[in-house]
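Visitor: Chains as they are written, first to last, in numbering that gives the first Met the number 0: chain A, 0 to 641; chain B, 0 to 506.
Take these hints with a grain of salt, some might be off.
Claimed, not checked - Covered by chain B, per the in silico footprint, the following chain A stretches (three or more residues, Cβ under 8 Å):
#, region
1, 73 to 85
2, 193 to 206
3, 573 to 587
Said to hold, decoys possible - Far from chain B by the CB rule (all over 10 Å, computed), these chain A residues:
#, residue
4, Phe52
5, Gly151
6, Pro173
7, Ala383
8, Pro506
9, Ser511
10, Trp539
11, Val544
12, Ala556
13, Asp567
Since the hints were made in silico from the structure, they are not lab data.
Idealized CB from N, CA, C, for every residue including glycine.
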Amino acid sequence: MSIDVAGPLLPLVPLIAGLIGLFLPPGDGDATRRRIAAGLGVAGAAFALLLAFRLVLDPAQPSADPANDPWNGGLTVAIFGDLEIRFSTLVDAAAAYVALAVTVVALCVQIYSITYLHDDKRYAPYAAQVSLFTGAMLLVVSSSDLIFMLIGWEVMGACSYLLIGHDRRLPEAPAAAVKAFLVTRIGDIGFLLGIAVLIADANSTYLGTVLAHDYSAGTLTAALLLILAGVAGKSAQFPLHTWLPDAMAGPTPISALIHAATMVAAGVYVVFRLYGLYDQSPVALAVLAVMASITILIGALSATAQDDLKRVLAWSTVSQIGYMTGALAVGSPAAALFHLLTHAAFKALLFLAAGAVIHAVGTNLLSRMGGLRPHMPVTFWSFAIGLGALAGLPPLSGFWSKENVLTAAAHATEGGETAPVWAGWLVWLAALLSVGITAWYATRLFLRAFFGPSRAHGPHGPAWAVGFDDARYEVPDSPHDPPGPMRWPLLLLAIPAALLGLAAFAPGFRTSLELDDPHLGVAVALPMLLLATGAGTAFWLWWAVPGADPALALGRAGPFLAAGFRLDDVQNRLVVRPAEALARLATAGDTRIVDAAVMGTGTGTSRAGDALKEAHRLPLPAAAVAVCAAALLLGAIAWWGA
Amino acid sequence: MYRDYVEPAWSAPQILLIALLVVPALGALLVALLPAARTRLVATAFAAVTFVLSVLPVLARPDEFSWFAYDPGDGPPMLPWIELDLPWVTSLRLEFHLGVDGVSYPLIVLTGLLTLLCCAYTKKKGLAALLLVLEVGVLGTFLALDLILFFLFFEVVLLPMYAVIAGWGGANRRAAARKFVLYTLAGSVLLLLGVLVVVTEAGTGDLVTLTGPSELPLTTQCIAFALLALAFAVKAPLWPLHTWLPDAHTEAPTVGSVILAGVLLKMGTYGLIRVAVGVAPDGAAWASPVLGILATVAIIAGALICLRQTELKRLIAYSSVGHMGFVLLGVATLSVTGIQAALVGNIAHGLITGLLFFLVGAIKDSAGTGSLNQLSGLRETAPRLAGLLGFAAIASLGLPGLAGFWGEAFAVVAAVQRGGPLWLTLAVVAAIGGALTAAYFLRLLRRVTHGPATPEAHTLPPAVTGIQWLAWAPLVLLTLAVGVAPSLVLGDTIQPLITLLGVGVQP
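This is chain A alone, in the form it adopts within the complex (with noise of 0.2 Å):
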């Protein structure tokens, strides 16, 4: 298939069976419309899977010559004055590897939802919508116009608000579902501003422009700066990621769609598509460089202090995309890409390993798990890979792409990037620091999960609250691993998120992403000790006190993360009721002052018309008066006009 049919194809196969999936009546438990629906969403993501793969093989190469450029062409959708809307696609290898893994992340998601909402009765516009979502993200990987990335980019907060809120039973849902919808809009000011301004500026709205466009520094930092706000509301960056937690009131499947391959990444994936530009803003960088420092220690130390088995998962998201931000930001779009990548892989399969613990469960939380090893072989493994994944435990792929981080930072601080040194430094202890932290969480979700003695119906007998509880699945007597639907997609995604980190060795895979050579020098020993430091004083805090949570140790300090430094509260204060007195303020100004003004002009009117109407019935000798000034008053007039 041409490049020229598979570029565009990609984005519009899901688009379209979700839109197809949206207009099918709803299944309300029909086993045919069910199977229809599925079988629609399946299809849909494993055809873009085909796709992806056709494009990984023979990618677009984008064009050096702006006059001469074979990509800018496509569907005219609108002209706009001087700016021609065109739907058209460029995927070069970058967006070919990233489209790969969000469609093998769609694919498993669809699979494995089949099997984990078969009693949901609105589970046909569920997989509508997650092919919708898909869609949008491969929208925004593999369109070379800027308003359609942004299309694809709101397209996207839809569907994750209407996903999140999808679980009716669950009082949170609704709350998160606006929470994560508007947390992102916010951030979504910035971006069509700042889209807006690169727009005006180039006069096109093609990527290739764009990019080769010389923007005078100001507006390009402007632009830039104004397009990180959307930025980090998408990839929940600090201060704009409080809705990433909340949304885990999502079904799990959906967690992983959000988590691994759409939605978070697009952040990620936007400013490495216009890497060209913040390559050439120091100021922006620097910017991208705090924020990430910061995201990746929220994220670690919160990650560490949650009960609910998803949060830790969704903080260690927040903490992660830090990485990805924070190599961006020290110089290493490829190291960013690399771990944007092996990330997918390895949340995808932890958010799936942990629907599977759920479904067995019936709770989120860890301190009703304990001693599930010996029940779920396949879940334990998971958990195991994608763990050591996350806390960078070599060999397992995770190890390999923060490595490039940590060695991209470590660059930096000797200077010579486009970011300052300082900034290399931060992004560089932040990260080395989170190394540690991540060990520790890590850990100790693995060990209270597992090991030890099975807290399910804990000291007072069996009528605990219960969490989460998304799946419609009656608790089962003894844990098992989940049926094979659940449990393929975990042993597919448990290959990448093991061995992608080799992939680096492999010259085309390291070509096409510019990737450095893989080297491990002494500079590997510094985040070994940390992640041995943390993982040791886990399973030393675990082992010491049995049926403890080693996040007590954390003392005091412990509510304080597990609320995410309470961020919420500021967020609260300072956004949320200052809207609300606004609101307040204008809807009073509008019932006293806009339309008393209208109301009075017409009682005013009505009484002056009284009046008058009063001044002619006047009695006798006051009338013949007023009669007589008025003859008088125009006799003068006439007179003084003559």
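Please arrange chain B on chain A, whose structure you already have, making use of the hints.
Guide: Showing chain B alone in chain A's frame:
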């Protein structure tokens, strides 16, 4: 000049233009005279014929644009796709001059479509007749190429709309209808003054002659633009002249709200583009900062007020203030991009808000309340209705891929293109308004569709009836279609807008 080539003989396009006005008028007469049993069918049939007629001008659309040479700063003359020019009252310089071009065509089709859907939806005889009368006025306004004729059609709409609200409205209908008619009449006085200023100064009321670079002195243009813009700002409505709108919408019957939001408001924005900007471009340039600031205030104020509303129809009504703010911001930039954004925003608002009013009207009619405090859990009791409401709300908050996106995003882009501290600030504030729009629509959805079902929500029928599908499906599909292919609306707008603005940009 081009005008010399217009042949006086009657041709098919000219008959079409006349028929667009005569068919609904005849329909209204017939519906009023017939017994009530058959009127729904008759009204729908006449509205359907009018709709088909309203689509037809596309056949006369020029396929290729001849780019003849013209000096920079002097646009080509205005070339309607089809036109009809008859002398009428020569002493008043009034000509019966009708025409269709790329700017008015989408609005004409929208009018035909919404009237058809409303006629099919309503069972009431008098209402159907009035809808057809309204259609005559609205179509006439969009077709008129003569200033005085434009004013006449603009006024035709007023009394039928008053009757629709006062006759079939809610509990406070009389007060709302009176406020509507008095407020808009005050606007009409200004419109008449503005039209007379232009006609006496220029010696003609012909829009084809008047459009483009104007020979009127600057002072006259400023006065004319101020009068016309104020008149259209009442109709659009522009903050702070909007307060008739929430009351009128809240009290009007469902179809009345649909027509009011979907079509009548567009007369204000269309008039602003075609008449005010077209006749007095220099006056527009003089006033554009003020217009831009007021439009942006409207966006923010509309969104903030929506956050506090607890009544469904009132909320949607205030959301119109915000959306029209985006349209007016596009117009205020006085660039081809901005006015194109305004045109597509106009159509999108007509489709989406029309759908929203249909939906909340259906909810209010069967639940007996529109209070956000009493409605909850619609996705449990009426999943289809909740799904459609979700679609319409998400479309209205400007989701890309649906119709609402293009108008809002490109109004911001146009403001950024205009450059300078003022316009950049307006762009930023407008973009923040876009986020606030999302906030109030999500609040609406969270209150109404999510959560446990209330007793009121249980009174809603779980399924959507056939006639409701018939009325709503076209709006859903067109929202999607315009979202994917905005060139449906913008196909032939660049050339007329270049003429209108008198700018020498070559696309």
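Visitor: Now tell me, hint by hint, if it's right for this structure.
Guide: The hints, checked one at a time:
Restraint check on the region 73 to 85 of chain A versus chain B: 8 residues with Cβ-Cβ distances below 8 Å, three needed, restraint holds. Residues of the region 193 to 206 of chain A lying with their CB closer than 8 Å to a CB of chain B number 4, which satisfies the three-residue condition for coverage. Taking a C-beta to C-beta cut-off of 8 Å, the region 573 to 587 of chain A contributes 8 residues in contact with chain B, enough for the three needed, and the coverage statement holds. Distance to chain B confirms Phe52 (chain A) as a non-interface residue, since its nearest Cβ pair spans about 27 Å, more than 10 Å.
A cut-off of 10 Å between C-beta atoms contradicts the statement that Gly151 (chain A) is not in contact with chain B; the least separation is 8 Å. The Cβ of Pro173 (chain A) sits about 4 Å from the closest Cβ of chain B, inside the 10 Å cut-off, so the non-interface label is violated. With a least beta-carbon separation of about 38 Å from chain B, Ala383 (chain A) lies farther than 10 Å from that chain, consistent with its non-interface assignment. No Cβ of chain B comes within 10 Å of the Cβ of Pro506 (chain A); the nearest lies about 40 Å off, and the non-interface call holds.
At the 10 Å boundary, the C-beta of Ser511 (chain A) stays outside the reach of chain B, the nearest C-beta of that chain being 30 Å off. Every CB of chain B is more than 10 Å from the CB of Trp539 (chain A) (nearest about 46 Å), matching its label as outside the interface. For Val544 (chain A), the requirement that its beta carbon stay farther than 10 Å from each beta carbon of chain B is met, with the minimum near 43 Å. Against the 10 Å criterion, Ala556 (chain A) stays outside the reach of chain B, whose nearest CB is about 34 Å from its own CB.
Distance check for Asp567 (chain A) against chain B: the nearest CB is about 17 Å away, which clears 10 Å, and the non-interface claim stands.
Hint compliance for this structure: hints 5, 6 are broken, all remaining hints hold.
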